[in-house]
Amino acid sequence: MNILVCISNVPDTTSKITFGDGNTTLNTAGIQYIVNPYDEIALSKAIGLVEGGKGKVTVINVGEASTEATIRKALATGADEAVRVDAAPRDAWFVAHQIASYAKDNAFDLILTGRESIDYNGSQVAAFVGELLGIPSVTTAKKLEIEDNTATVEREIEGGKEVLAIPLPVIVGTAEGVAEPRIPNMRGIMSARSKPLNVIEAISVPVLSKIVSYESPEPRGNVSLIDAGEVEKLVDILHNKARVI
Amino acid sequence: MSVLVYAESTDGKFKKSVFEVVSYAKAIADAVGTSVTAISIGNVAAADLASLGNYGASTVLHVASEQLKQFVNQAYASVIAAAAQHSGADLVVISNSFSGKGLAPRVAAKLEAGLADGAVELPQINGGAMTVKKTAFSGKAFAITELTSAKKVVALNPNAFEVRETGGSAQVEAFSPDIPATDLTTVIQDIVRSTDQVSLPDAEIVVSAGRGLKGPENWGMIEELAAVLGAATACSKPVSDAGWRPHSEHVGQTGIAVSPNLYIAIGISGAIQHLAGVSASKTIVVINKDPEAPFFKAADYGIVGDAFEVVPKLIAAIKAYKGN
Chain X
1 MNILVCISNV PDTTSKITFG DGNTTLNTAG IQYIVNPYDE IALSKAIGLV
51 EGGKGKVTVI NVGEASTEAT IRKALATGAD EAVRVDAAPR DAWFVAHQIA
101 SYAKDNAFDL ILTGRESIDY NGSQVAAFVG ELLGIPSVTT AKKLEIEDNT
151 ATVEREIEGG KEVLAIPLPV IVGTAEGVAE PRIPNMRGIM SARSKPLNVI
201 EAISVPVLSK IVSYESPEPR GNVSLIDAGE VEKLVDILHN KARVI
Chain A
246 MSVLVYAEST DGKFKKSVFE VVSYAKAIAD AVGTSVTAIS IGNVAAADLA
296 SLGNYGASTV LHVASEQLKQ FVNQAYASVI AAAAQHSGAD LVVISNSFSG
346 KGLAPRVAAK LEAGLADGAV ELPQINGGAM TVKKTAFSGK AFAITELTSA
396 KKVVALNPNA FEVRETGGSA QVEAFSPDIP ATDLTTVIQD IVRSTDQVSL
446 PDAEIVVSAG RGLKGPENWG MIEELAAVLG AATACSKPVS DAGWRPHSEH
496 VGQTGIAVSP NLYIAIGISG AIQHLAGVSA SKTIVVINKD PEAPFFKAAD
546 YGIVGDAFEV VPKLIAAIKA YKGN
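Read top to bottom, the protein sequences are chains X and A.
Sequential numbering from 1 applies to the first sequence in the numbering used here.
Sequential numbering from 246 applies to the second sequence in the numbering used here.
Keep in mind the hints are simulated off the structure, nothing from the lab.
A couple of the hints might just be wrong.
[Unchecked claim] Listed next, the stretches of chain A that the computed footprint assigns to chain X, with coverage defined by at least 3 CB atoms under 8 Å from CB atoms of chain X:
1) 278-288
2) 318-324
3) 336-346
4) 378-384
5) 392-403
6) 408-418
7) 496-508
[What the hints assert, rightly or not] DSS-like, lysine-lysine: derived pairs with alpha carbons at most 25 Å apart:
8) A:Lys355 - A:Lys314
9) A:Lys558 - A:Lys534
10) X:Lys16 - A:Lys542
11) X:Lys195 - X:Lys104
12) A:Lys558 - X:Lys233
13) A:Lys314 - X:Lys233
14) X:Lys210 - X:Lys143
15) A:Lys564 - X:Lys233
16) A:Lys527 - X:Lys241
[Unchecked claim] Just the calculated beta-carbon pair ranges, DEER-fashion:
17) X:Met1 - A:Leu429: 18 to 26 Å
18) A:Thr430 - X:Asn240: 50 to 58 Å
19) X:Ala29 - A:Glu366: 27 to 35 Å
Keep in mind the model is a prediction, meaning the values are calculated, not measured.
Note that the Cβ used here is the ideal one computed from N, Cα and C, for glycine as well.
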């Protein structure tokens, strides 16, 4: 089985997010970049699926040279080879075109992404790539198994789940439950250095949207503390003042 | 600019999030002087279809085809794109639900439309351009996104826009676009949906608990508090990682971002990743025995106390209030 895993390079979850240049750019000073946590799930699943010589895992990232540390981490985790599309990941539409363009020339049975990246939270790439390649897509998968050229996928829905049977090739966005994230071991880290990391040029994609600025959430006022013995007071406030119950 | 809105149905019914997107589409249509067409796919009663008029739809296109009874994102996206062409819509509004997230990019790609998902308020419209405020960095920020394309798709977050009733009734028209067979290769084997529980992403009240509860056997009082409030239950990441609660309840940066009117956090310290997922809540109540818990700094109301004492009292107090 030939699997492509799409990874993005995102600020670590502990990062404080602040902006500069009149709220138009992310302040990257002090921010550690990591493999997007949902993409780690995708990668771990892919490695598990090909274990024992059953196929190959290629990771693809759209990013500038600075993302190579993140790509090497994916190789250390167990991917066989990597491709970096040399461009800033402008938006999901742009990234999806790069992935689809690469995937068109390389017959993949399965393409995996995380269900969303934790920076722009679009959940867009899987469905965009699916549409661009004319193949089925699942955006939020909780379980994924492959047998006889068919993917059985549990998809999250409000208050439950849906079980789908989809003929390969398919692109699936993975969430918690699909696989336990794997941690690179020393052998993986050593071998990652010699695995192929090919850099390719980006294709040109029309601009349909752009981020003009950022805002931070309004800070909440000071907390009003209520005595543990006076919970009735809380109920009264929630009903009469906050008007939420 | 005409506005098309996708009215997602669940078991043949419309949920509140549908009334929110129709109200949202109507507010945009009013601002630009046009009308709203809704598209519904699957078995929905004629009276329910017409009732979308009460939220601002003038026309409801209804696709009743047998092969489209159940949601398949490829086929539904083809229907919505065809409906946009049919109604001359330049803007398509979709709910940012689990299904909506799978649909919106496909619809946008078919229409070569710019897509803004996770919208939290009405867009600013400036001639042919539109700027949309959307969530980013998992609730730690908002990105103001400009859609520069002629056609546009906006996916609205649940609980972000209030339902507005207009008293109108919509005209229902049958619609039967051609759907290519290649859109219908996915087979739905099973749908499991709990009917007795409130779904977390669109819940108006969420009762959430963390490691302070000490073990999964202590969740009875959390479920009881949720039941008396008509709330959904949720949890922190350590709790779902430990297998005390399912992953689908995990709220936070790598879980679900929620935007309820009321979020009650019990025995959750308030790590930055958790706070990101709840920052869109209107009112936050924190119950924690540690007065230094960081969550108190992100809360509107707090009780410093032992959850095992405070929660039963709170359940009794809410029952007493509901009884009156």
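Hints, verified against the model:
1. For the stretch 278-288 of chain A, the proposed coverage by chain X is not satisfied: 0 residues have a C-beta within less than 8 Å of a C-beta in that chain, short of the threshold of three.
2. Given as covered by chain X, the stretch 318-324 of chain A passes the check, having 3 residues with a CB less than 8 Å from a CB of that chain where 3 are the minimum.
3. With a threshold of 8 Å between beta carbons, the proposed coverage of the stretch 336-346 of chain A by chain X holds, since 4 of its residues qualify and at least three are required.
4. With a threshold of 8 Å between beta carbons, the proposed coverage of the stretch 378-384 of chain A by chain X holds, since 6 of its residues qualify and at least three are required.
5. With 3 residues bearing a CB less than 8 Å from a CB of chain X, the stretch 392-403 of chain A meets the requirement of three and the coverage assertion stands.
6. Here's how the stretch 408-418 of chain A fares: 0 of its residues keep a CB closer than 8 Å to some CB of chain X, so the rule of at least three is not met and the hint is violated.
7. Given as covered by chain X, the stretch 496-508 of chain A passes the check, having 6 residues with a CB less than 8 Å from a CB of that chain where 3 are the minimum.
8. A C-alpha spacing of about 22 Å is found between lysine 355 of chain A and lysine 314 of chain A, which places the hinted pair at or below 25 Å, so the restraint holds.
9. A distance of roughly 15 Å separates the Cα atoms of lysine 558 of chain A and lysine 534 of chain A; the hinted pair therefore holds under the 25 Å criterion.
10. Restraint check for lysine 16 of chain X and lysine 542 of chain A: the C-alpha separation of about 15 Å stays at or below 25 Å, so the hint holds.
11. Our distance criterion of 25 Å between C-alpha atoms is met by lysine 195 of chain X and lysine 104 of chain X, whose separation comes to about 23 Å.
12. Taking the CA atoms of lysine 558 of chain A and lysine 233 of chain X, the gap is about 12 Å. The hint holds against a cut of 25 Å.
13. For the proposed pair lysine 314 of chain A and lysine 233 of chain X, the alpha carbon gap of about 49 Å is over 25 Å, so the pair is violated.
14. In summary, the hint linking lysine 210 of chain X to lysine 143 of chain X is not supported, as the alpha carbons are separated by about 34 Å, beyond the 25 Å threshold.
15. Pair hint lysine 564 of chain A plus lysine 233 of chain X holds up; C-alpha atoms about 14 Å apart against a cutoff of 25 Å.
16. The straight-line distance between the Cα atoms of lysine 527 of chain A and lysine 241 of chain X is roughly 13 Å, inside the 25 Å bound, and the hint therefore holds.
17. One distance hint, 18 to 26 Å for the beta-carbon pair methionine 1 of chain X and leucine 429 of chain A, holds here, with the actual separation near 25 Å.
18. With their beta carbons about 55 Å apart, threonine 430 of chain A and asparagine 240 of chain X fall inside the hinted range of 50 to 58 Å.
19. The hinted range of 27 to 35 Å is satisfied by alanine 29 of chain X and glutamate 366 of chain A, whose Cβ atoms lie roughly 30 Å apart.
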